[in-house]
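Protein chains in written order, with our numbering: chain A, 2 to 397; chain B, -14 to 530; chain C, 234 to 423.
It is worth saying that the hints were derived from the structure and are not from the lab.
The model shown is predicted, which means the values in this text are computed figures rather than measured ones.
We put the beta carbon where it would ideally sit given N, CA and C, even for glycine.
Do not rely on the hints blindly, as some may be mistaken.
What the hints assert, rightly or not - A short, non-exhaustive set of chain B residues, derived as facing chain C with CB atoms under 7 angstroms:
| hint | residue |
| --- | --- |
| 1 | Gly250 |
| 2 | Pro297 |
| 3 | Ser395 |
| 4 | Ser397 |
| 5 | Leu459 |
Said to hold, decoys possible - Below, in silico cross-link-like pairs of lysine-lysine (PhoX-like), each with a Cα-Cα straight-line distance of 25 angstroms or less:
| hint | chain 1 | residue 1 | chain 2 | residue 2 |
| --- | --- | --- | --- | --- |
| 6 | C | Lys246 | B | Lys(-12) |
| 7 | B | Lys343 | B | Lys313 |
| 8 | C | Lys243 | B | Lys143 |
| 9 | C | Lys364 | B | Lys143 |
| 10 | B | Lys343 | B | Lys283 |
| 11 | B | Lys42 | C | Lys290 |
| 12 | A | Lys296 | B | Lys343 |
| 13 | B | Lys283 | A | Lys340 |
| 14 | C | Lys290 | B | Lys(-12) |
| 15 | B | Lys(-10) | C | Lys247 |
| 16 | B | Lys512 | A | Lys45 |
| 17 | B | Lys47 | C | Lys290 |
| 18 | A | Lys45 | B | Lys146 |
| 19 | C | Lys246 | B | Lys42 |
| 20 | A | Lys296 | B | Lys523 |
| 21 | C | Lys418 | B | Lys308 |
| 22 | C | Lys364 | B | Lys401 |
| 23 | B | Lys146 | C | Lys247 |
| 24 | C | Lys309 | B | Lys47 |
As the list claims (entries may be wrong) - Residues from chain B shown here face chain C by an in silico Cβ test under 10 angstroms; the list is partial:
| hint | residue |
| --- | --- |
| 25 | Glu12 |
| 26 | Ala124 |
| 27 | Ala221 |
| 28 | Leu388 |
| 29 | Gly391 |
Next come the chains, spelled out residue by residue.
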Amino acid sequence: MDNLISVSSTMLYTAFILYLIATCFFGATIKEKKDKGKKGIAGKIAITLTIIGFLAQIVYFITRWIASGHAPVSNLFEFMTFFGMGLVFAFIIIYFIYRLSVLGLFALPIALIVIAYASMFPTEISPLVPSLQSHWLYIHVTTVSLGEAILSISFVAGLIYLIRQIDQSVKSKRTTWLEVILFSLFIFIGFSVISATFNIADYHAQFEYEERGSTLTTDYQLPAIAGPNDGKLLTENAMEPLFEVPSWMHGANAPRKFNTLIWSILAGFVLYVLARLLFRKRIGAAIQPLLLKVKPDLLDEVSYRAVAIGFPVFTLGGLIFASIWAQIAWDRFWGWDPKEVWALVTWFFYAAFLHLRLSRGWHGEKSAWLAAGGFAIIMFNLIAVNLILAGLHSYA
Amino acid sequence: MNKIKCDCGHVNPEGTVLCEACGKPIEENQHIDGNDKRTLLNMRYDGSARRSQTYNKSIVDKIWSFFSSVKVGVWLIVIALLASAIGTIFPQEMYIPANAVSRDPAVYYEDTYGIFGQIYYQLGFHNLYSSWWYMILIALIGISLVICSIDRFVPLYKALKRQKAKRHETFLNRQRLYSETENVTAEEKDKIVHALKKQRYNVRNENGHILAEKGRFSRWGPYVNHIGLIVILIAAILRMTPFMYLDDYVWVREGERTVIPSTDGEYYIENKDFILETYDKNNDRFKEAIEQEGMVAKNFQTNAIIYKEIAPSVAGAEPELKKIAEEKIKMNHPLKFDGYTLYQAGYQLNEFTSMTFKVHETDDPDEKALGTFTIDLNAPKPEYKLDNGFRVVVDQYYPDYSLENGEPRSESKYPKNPAFVFFVYPPNSEQAEVSFVGIGRNIDATGENQYKLGVQDFELRDVSGLTVRKDYTLPFFIVGAIIFMLGVIQGMYWQHRRIWIHPKGNGLLVAAHTNKNWYGVKKDIEKVISGTNVEMVKDQQELDE
Amino acid sequence: MSKEHIGNNKKRKKRNRLIFRSIVLAVLLVAVAYALVSNLSEEDTNVDVGDQAPPFKLQQVNQNNELETVELSDLKGKGVMLNFWATYCPPCEAEMPYMEKLYPEYKEKGVEIVAVSLDGAELVINRFIDKYDLTFPVPHDKNGQVMEQYGVGPIPSTFFINPEGEIVEVVNGALSLDKLEGYLKQIQPE
């Protein structure tokens, strides 16, 4: 048993490293195109590494499945990891349709960020509560995350489009928004970096606080910037909080989550500023020259195509399979649980996207901005709904 | 109001943008699709006349054309999206946790979320999804769906049916993919036609004008999926009819048989046993997680027997019953019988069924029992005679004891927290001592009691909560969902590709259009023209000026 | 084709289109109205004013009353006030003295007060009856069957049934003395 689990973690680690190397090779394809003779070798190596990495991650998935006795999609770590795997899979599909190497240069780092982010949550194998003991767990979760992964590729293509197309010679609303998107990616990196750092340092700070008459303790793994309302620090030699969260912020471990959010934003901000200092220009402006050879119309098409492919998959997994399972487990196929509502919001959003594109001719940049908005909604549903809004789906 | 006759002789309905037969832009209507400002033609709905955009006479027509606008449709979707999102800011009324300060929304939101919570409640967002305005919003989307589809499907269908292989030159050179080749031999042309057929294009040849078409049926995808959505909305309306749908809840105690609500007293359920299992904390697999997160439930199960009444009886009278099902109801494994479904939905552990009391002397440190008696908490007797001569009269019984304004009372009829006022008559005495006994309570009213009552033993049982459902609308939802999925797949996973070949002098014009995947159609053309000297089509698309 | 003919043709087409659009809109409107009405009018009771009161038969537990069991069909020809209550329900407790006050008078006039208790233990009911010296029949609906049949939600809930067995009034919530008397007059036999 322990053996399987260690094989499983090693495989996930292997996949992570392979994706990282593959990203570098995808990066190399940009420079390579100048030299006609060698064209494609870096690309071939990159996609091969990606596929091997993907297979390694499948081995992770299967071994963990065997070890836990249920599909490893039952907590936030497992689910986010699977979503990362779905991103890679979706990228591989789109790559073989369009042979667009630059997509890998952006899709794989996003998958890496997602997997790194996932690893910061508890990774123990957890038992399934009765409501999750159903085959629909695998069917629903895998389809919905695959659908969301394909839709995310639309964002990747849209992001490349925006970086490629937006005029960086003057500061404008568009450049600012693009920086906002890039900055939010830095927040995820910031979260992983800061969590890993304090994990290694084995930092703990216990707090005791009152809520509705019962005394709760919470264990901060990051130094408390925001402490619990009326909380008492129990651990010695730990940092006293700089301020306390407002009293309405309760819910399972809300102060700790809020503290983590502050840390992630701070760390992301520091990383972002460092990057700005390094490039001495906007991040978008720094990347733009690398993308001059990419055809924008192809990016636009990939972005749209990903929605066209992902929308039916998402509908099937996120609404139809979800309803069937909810009908069996909770006696109603639709219950306006926050996660369900956000699946509906996602669906509405992409429905609007398709109508705007097909009937109102929103192509190119408008469409790329919409793809970014869709990704924001998906990430909100994956992360914020679980962490902030309480509901039946609450993982972690 | 005149029909438009094109140069090619075809008579088009009013509002046509591109001639249905030859595709020549109809001069006065170019503004409709914005073609007047661009070099390429807008090909949506193939330039057919969307009727709504042409007549605007009566009120009916005005309403019709309002809903027929995709712009309106998208706005409705966006509003619904925002409204739905707002409803998740704070929990909806039905998700107010059971351990909340108060389950009364008027108290809960303000108390928990402060001023924002109060505003949220006062705006009615605590019940957003069943509010009249949200329902109207969804209904408006439904109306827009129906009208948009009718208005677009008919003209598009006609346009695609009437299209001719021979197209006007301007139609071709204003397509996104276009090329012109000076000299093409007849063999080369045959080769192209052959190659097109090999790629499973449907090829039509009219005097050398060629139309190669594939995947036209994907154009109907949107209309098919809209039909699916309409079926789903109809199902939602049906669900509001009591005959089609019922939803109820029953608490049933271990060892008890009770009528299943909303079945007109026809069905009864007996709870043989309620089982709550948790994961073993020594389990190798989950040890770490359980150490971190605490006990995790493994199974909720009711071993139930379902009875049906044989002959209708008067309510209240002892019914004549027949056993029709004996089953384990678990989460994810509901029990179905005669159109009803029972779901394991809740439980209450450890309700009291009986309590055994003992009488002992107040100052006896060992509390040696002088006598004992057992009370069935569901049917207590007024008086208990003990073997040793003691007599205990039950003066008051509070099954679910609480103190309200200094006054003892019962919160419900269920023995969740039983308490008693006893009159204890010692042997051969008419002088009663008053004792108040409950769980963790033993109050001597006067402080002078010689005898004391203590709880010696008690028995507990669990209560299982089951949802009762009857839902005849599910098949409609399923059919709607299937139609929707088929429509989306049809529209999204296939593409409508058309390639026109137009002889001009000794050469040819080639143009192509697809509703998605231009990359794919380009590859098709590459294959088709390989080995000929026909020019590859150029992509004339203008992206964001 | 003459010009007139074309004109007629066009007119007919226009009229057809108007009819078609009107019908589609009307159907949609009806559907929406139906959805709104059926969703917003929440039903509290299965049994409504104008319905025949469903029959029932229950054990009677009030020692002060001579009846062994109460069966609704036995009360035909009398007006019946059917009250659903429980000892743990404060508003129910509040209206009991009014019912007791009016009972002797209206019993004479042919109106029976039947107070169905939804309590669990008979003892509790008896103690309550002793406390208020109630004399009207108190049937015990231990398993909640009759309550279920009458679709009773929150208690107290009272049904006023005329001598023909038809429900003439349903009152959810406690009654004041005046109101109670008013309703009793309504179901009093002529």
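**OP:** Please write out, lowest number first, the hints stated earlier that are contradicted by the structure.
**Re:** Numbers 2, 5, 7, 9, 10, 11, 12, 14, 17, 18, 21, 24, 25, 28 and 29, in rising order.
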